[in-house]
Amino acid sequence: MAGHIFYFLIFPGLLFAGVGGGLLSWFDRKITARVQFRVGPPLLQPFYDFVKLMAKETIIPSNAARTVFLLAPILAVSGGCLSSVFILLPGFGISTGFKGDLIVVFYLLMVPSLSYIIGALASGNPIANLGASREMKLIIGYELSLLLVLAAVILKAGNSISLGEIIVVQQQQGAFIGSISGILLFIVAMMCVQAKLAFVPFDIADAETEIAGGIFLEFSGFTLAMVKLAKYIMLLVLPSFVVVILLGGFRFEGIHILWSLLKLLGVVLLITLVRNTNPRLTIGQSMRFFFIWMNLFAIIAIVLAYFGY
Amino acid sequence: MGIKSYCFKKSLWLYHFAGASCNNCDIEVLDCLTPRYDVERFGMLLIGSVRHADVLLVAGSINKKCKSRLLEVYHQAPKPLVVVAIGACGITGGIFAEGNTFAGPVDKIIPVDVYIPGCPPKPEAILAGIVNFLNKS
Numbered sequence: 001m002a003g004h005i006f007y008f009l010i011f012p013g014l015l016f017a018g019v020g021g022g023l024l025s026w027f028d029r030k031i032t033a034r035v036q037f038r039v040g041p042p043l044l045q046p047f048y049d050f051v052k053l054m055a056k057e058t059i060i061p062s063n064a065a066r067t068v069f070l071l072a073p074i075l076a077v078s079g080g081c082l083s084s085v086f087i088l089l090p091g092f093g094i095s096t097g098f099k100g101d102l103i104v105v106f107y108l109l110m111v112p113s114l115s116y117i118i119g120a121l122a123s124g125n126p127i128a129n130l131g132a133s134r135e136m137k138l139i140i141g142y143e144l145s146l147l148l149v150l151a152a153v154i155l156k157a158g159n160s161i162s163l164g165e166i167i168v169v170q171q172q173q174g175a176f177i178g179s180i181s182g183i184l185l186f187i188v189a190m191m192c193v194q195a196k197l198a199f200v201p202f203d204i205a206d207a208e209t210e211i212a213g214g215i216f217l218e219f220s221g222f223t224l225a226m227v228k229l230a231k232y233i234m235l236l237v238l239p240s241f242v243v244v245i246l247l248g249g250f251r252f253e254g255i256h257i258l259w260s261l262l263k264l265l266g267v268v269l270l271i272t273l274v275r276n277t278n279p280r281l282t283i284g285q286s287m288r289f290f291f292i293w294m295n296l297f298a299i300i301a302i303v304l305a306y307f308g309y
Numbered sequence: 310m311g312i313k314s315y316c317f318k319k320s321l322w323l324y325h326f327a328g329a330s331c332n333n334c335d336i337e338v339l340d341c342l343t344p345r346y347d348v349e350r351f352g353m354l355l356i357g358s359v360r361h362a363d364v365l366l367v368a369g370s371i372n373k374k375c376k377s378r379l380l381e382v383y384h385q386a387p388k389p390l391v392v393v394a395i396g397a398c399g400i401t402g403g404i405f406a407e408g409n410t411f412a413g414p415v416d417k418i419i420p421v422d423v424y425i426p427g428c429p430p431k432p433e434a435i436l437a438g439i440v441n442f443l444n445k446s
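So the protein lines, in turn, are chains X and B.
Okay, so the first sequence: first residue is 1 according to the working numbering, each after it adds one.
Okay, so the second sequence: first residue is 310 according to the working numbering, each after it adds one.
Errors might be hidden in some of the hints.
[As the list claims (entries may be wrong)] If you want a taste of the chain X side facing chain B, the calculated C-beta under 10 Å gives, among others:
no., residue
1, 38
2, 50
3, 61
4, 65
5, 66
6, 140
7, 143
8, 206
9, 207
10, 210
11, 211
12, 217
13, 306
14, 308
Hints were generated in silico from the structure; no laboratory data involved.
Computed from a prediction, not measured in an experiment: that's the story for all the values here.
Backbone N, C-alpha and C fix where the C-beta goes; we use that ideal spot for every residue, glycine too.
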């Protein structure tokens, strides 16, 4: 029991994912600044933001559902921590003895987005509700593509639905990205991660210039700090998930430590570059993008994987 | 200096309220975000919702129509909040001070912490004003 609480709160749960995700969030902002020929924020900027928000006043709108509004960001953080535990424990080579965690992870990764929707709907603000409905449509768009990617990964791993076994298979036969179907799957998975993180081509739910922050509009102080923490955690968890299912996972011996870190930073770098070189899509465009193109890519990848390419 | 006030100074999020302005101060505020001036190196971000704001930038003269809006925005923002009046119109009323619809300079309506004079102030002046305020308090 104590071990489980340690996993959830310290490593690889709340503390580790929060600090690591904060550093990745600085990396993302710094790269964004360098792409735009700016200097960018200092290294500790995400932590300054978090402490500042914790110390600020929390406003609850008069027509909000109080309890749900306050609890939704905490639910987002706990969903992020749980998914971080389930992804990073096999990722670091610690056996959980849990068959079928891939399916659980798929649902846990959805929890933060769902909590934002619940919080936005509970805030009683019409613009936040608009953001929530946009986020729902986006979820309908990308979830099927992500499920198809997972199906292809399961097929390539010899019908195994345990993350630990998927990593073992990749370490024996080489990472899945080394094949044609693997490259297609990587493209689709990156696009799904982009949409899950709500980064720019798919940031229709919190479009600042259109609907003034969208789903996060009414959050302030403590609740906004929790939302930021959940976003930091997801910025660590989702790229690690891509690394685990397609790029061969992490290894912690000798030179492999550097190699694992480079894989993670490379995935975050790709996400940041896509974010900085694309304009925001409309809801129709992004749903069409996932329904037609990404699903097509994923199905082609499944067929290729079935024939062994 | 406590950790709270240190972090507050290191991460100011700006909310931009344009009164009945001629838009020139607003454009100079946006200039601060460009690569040449880059306020993000001080941790400042321009954000879309007043619920996230630490700094309320008020530009332009305040007339009778936008006085109630300014008060509402001020009360909606979480405290502590720094209010910055930008430009001659925000500080004194400028050329609109004698006008029929003029409802008083910003500091008659809400408490103002920083005044940045100029018509419009240069981006350097805006940055210098805010950085001086941070170093002083």
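Going down the list of hints, with the structure as the test:
1. 38: 4 Å, holds
2. 50: 8 Å, holds
3. 61: Where the cut-off is 10 Å and the nearest Cβ of chain B is about 9 Å from residue 61(X), the hint holds.
4. 65: Since chain B brings no Cβ nearer than about 17 Å to residue 65(X), farther than 10 Å, the hint is violated.
5. 66: 16 Å, violated
6. 140: Interface hint status for residue 140(X): violated (25 Å vs cutoff 10 Å).
7. 143: 27 Å, violated
8. 206: Hint on residue 206(X): holds, closest Cβ of chain B at ~9 Å, below 10 Å.
9. 207: It holds, given that the least Cβ distance between residue 207(X) and chain B is near 8 Å, below 10 Å.
10. 210: 9 Å, holds
11. 211: This hint holds: residue 211(X) lies near chain B, its Cβ roughly 8 Å from the closest one there, short of 10 Å.
12. 217: 5 Å, holds
13. 306: 47 Å, violated
14. 308: At 49 Å from the nearest chain B Cβ, residue 308(X) fails the 10 Å test, so the hint is violated.
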